[in-house]
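Q: Same order as they appear, the protein sequences are chains A and B. The end of the first sequence is residue 319 by this note's numbering, with every number in the run present. The end of the second sequence is residue 244 by this note's numbering, with every number in the run present.
Bear in mind the hints are in silico, worked out from the structure with no lab data behind them. Do not take every clue at face value.
Sample of chain A residues at the chain B side, in silico, Cβ under 8 Å [what the hints assert, rightly or not]:
id, residue
1, A55
2, Y65
3, L68
4, L72
5, E80
6, W83
7, V84
8, H85
9, R88
10, R99
11, N102
12, R240
Built from N, CA and C at the ideal position, the CB exists for glycine as well.
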Amino acid sequence: MIEAVGLTKRYGSTVAVNDLSFTVKPGRVTGFLGPNGAGKSTTMRMMLGLDRPSAGKVLIDGHPYRELKHPLRTVGALVEATWVHPNRSARAHLRWLARSNNIPKQRVDEVLEVVGLEQVANRRAGGFSLGMSQRLGIASALLGDPQILLFDEPVNGLDPEGIHWIRRFMQRLAAEGRTVFVSSHLLSEMSLTAEELVVVGRGELITQCSTEEFVESASTASVKVRSPQAAQLRELITARGLSVHDTDTREPDALVVDGASSDRVGEIAAEGGIVLHELASQRGSLEEAFMQLTNDSVEYRTDSGDPSENTTTLTTAGK
Amino acid sequence: MTLLAVERIKLFSTRSPWWSMFLALGLTIGFAAMMALQSGPEFPLTLSMTQVGRQFGILVVLVMGVLTVTTEYRFGTIKATFQAVPNRTAALLAKTALIAVLALLIGETAAFGSWGVAQVVAPEADLAITTSEQWRMLVGLGPIFAGSAVLALAVGVLIRQTAGAVTLVIAWSMLVEGLVGMIPTIGEDIQNWMPFMMANHFLTGSAGDSSDMPLGPWGALAYFVAIAVGMLIIALITAHRRDA
Numbered sequence: 001m002i003e004a005v006g007l008t009k010r011y012g013s014t015v016a017v018n019d020l021s022f023t024v025k026p027g028r029v030t031g032f033l034g035p036n037g038a039g040k041s042t043t044m045r046m047m048l049g050l051d052r053p054s055a056g057k058v059l060i061d062g063h064p065y066r067e068l069k070h071p072l073r074t075v076g077a078l079v080e081a082t083w084v085h086p087n088r089s090a091r092a093h094l095r096w097l098a099r100s101n102n103i104p105k106q107r108v109d110e111v112l113e114v115v116g117l118e119q120v121a122n123r124r125a126g127g128f129s130l131g132m133s134q135r136l137g138i139a140s141a142l143l144g145d146p147q148i149l150l151f152d153e154p155v156n157g158l159d160p161e162g163i164h165w166i167r168r169f170m171q172r173l174a175a176e177g178r179t180v181f182v183s184s185h186l187l188s189e190m191s192l193t194a195e196e197l198v199v200v201g202r203g204e205l206i207t208q209c210s211t212e213e214f215v216e217s218a219s220t221a222s223v224k225v226r227s228p229q230a231a232q233l234r235e236l237i238t239a240r241g242l243s244v245h246d247t248d249t250r251e252p253d254a255l256v257v258d259g260a261s262s263d264r265v266g267e268i269a270a271e272g273g274i275v276l277h278e279l280a281s282q283r284g285s286l287e288e289a290f291m292q293l294t295n296d297s298v299e300y301r302t303d304s305g306d307p308s309e310n311t312t313t314l315t316t317a318g319k
Numbered sequence: 001m002t003l004l005a006v007e008r009i010k011l012f013s014t015r016s017p018w019w020s021m022f023l024a025l026g027l028t029i030g031f032a033a034m035m036a037l038q039s040g041p042e043f044p045l046t047l048s049m050t051q052v053g054r055q056f057g058i059l060v061v062l063v064m065g066v067l068t069v070t071t072e073y074r075f076g077t078i079k080a081t082f083q084a085v086p087n088r089t090a091a092l093l094a095k096t097a098l099i100a101v102l103a104l105l106i107g108e109t110a111a112f113g114s115w116g117v118a119q120v121v122a123p124e125a126d127l128a129i130t131t132s133e134q135w136r137m138l139v140g141l142g143p144i145f146a147g148s149a150v151l152a153l154a155v156g157v158l159i160r161q162t163a164g165a166v167t168l169v170i171a172w173s174m175l176v177e178g179l180v181g182m183i184p185t186i187g188e189d190i191q192n193w194m195p196f197m198m199a200n201h202f203l204t205g206s207a208g209d210s211s212d213m214p215l216g217p218w219g220a221l222a223y224f225v226a227i228a229v230g231m232l233i234i235a236l237i238t239a240h241r242r243d244a
């Protein structure tokens, strides 16, 4: 169980995290979702006692991180896979970590086996691929067999096999009853792994809810309709105060009606005696839903003039 | 004790401490061998001549002290350390203790190694250690190396970057302390209070040109150690307050 209460971090006049409060419950994967630069990594570092909050606090099972006696046995974290000396072997890296929290030596070999690094355990970590470094990072997170696990963008830069491995791994940890908190800027990724979401933008909480609820509430329903009398239908629909636009592919005989059910559009067409070739409800994609919610809180955005285009210009800066 | 063991594993699972030891001893003792080789009836070898190579040793120990902490910042292992041991002061003190002991051993080995090599190379020279001043010159090198390592480590914690911290400690010990003396009227008074001048005064005592030093040899050692400890305290407070 992790509780963040009014967490705030300022760097000079920049506010990285602003009055952030949320709870992370055990037994499920909780996603920490937000665009790049939303303050996710900063929040994670404050959770681990690495950065000092300007205000507020994070409690791990009721205690601040810095008061935990053997923190690695309570909280395991993968913040950056590269926190390893390149000339030190994977085994030596895990050995000193284990020693610092009085974790028995055998545990080092156990976690090396869990992540599949036992073959390369004595090789220098500097020669590891990104995937191997990530596995070593996960091994150090698991070292103390902690009930709480934090992962910051764990699939970043991994190949499909690595991504798949990490996803299954996090779900397995949650199924064992552990608290798993994973950050990501990709909603599609989170929808596959997380049951619950903490969504942030510009360092502020946007919402905390189940992934399903988030997708439901955020995605707008729209109806695609195809008719040989498209122009006539358009007039009828706009006359009833609904917004109509062309499809993305600009098919001449098709329209998209926002915020209406297919029932309603069918009835309008019937009233006007209009022939329909197709009538289908559409649900916005996860990515659209996410961008819609975080639209106002994206830190970096190119100003293209047209406000509707802003949603597509999330940049990758600020990580 | 746990934290000391942790730092020991960390230090000796990389190659740099071995290189540092090898270089510090090789350069210091090698220089003594050169001195002994070139000595003869016209240039008789003295005990203090066998010890001049210690400057190299101090240089290497300073770099080693900086590196033990700046590499941790460079590779992010300092964050892993503070994550595992949230009591930063304890973690850094353990590191300091380990590096100080290592530097002390290097210092003793360098001093007596230089003396031993000189005796082998130039057996005819009179290199007997008889007076307490002579003993202080040899045995004293360990504490000076230890103090130098602590000072360098503190600078490393404060600056966090290898290039900056190494440049600072080397420029300070090699250049600044010498150049300060050239400032008219006040220069020499300031110079006499410089930490490495004090360290040198402790080792050489009245044998050096230090007749107007403000403190005696033991006072000079105390002063040098106080500077190192003072810097360490500033570094510990800074590390405690700052984001890792």
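Q: Run every hint past the structure and note whether it holds.
A: Evaluated hints:
no.	hint	result
1	A55	15 Å, violated
2	Y65	6 Å, holds
3	L68	7 Å, holds
4	L72	5 Å, holds
5	E80	6 Å, holds
6	W83	4 Å, holds
7	V84	7 Å, holds
8	H85	5 Å, holds
9	R88	5 Å, holds
10	R99	5 Å, holds
11	N102	7 Å, holds
12	R240	57 Å, violated
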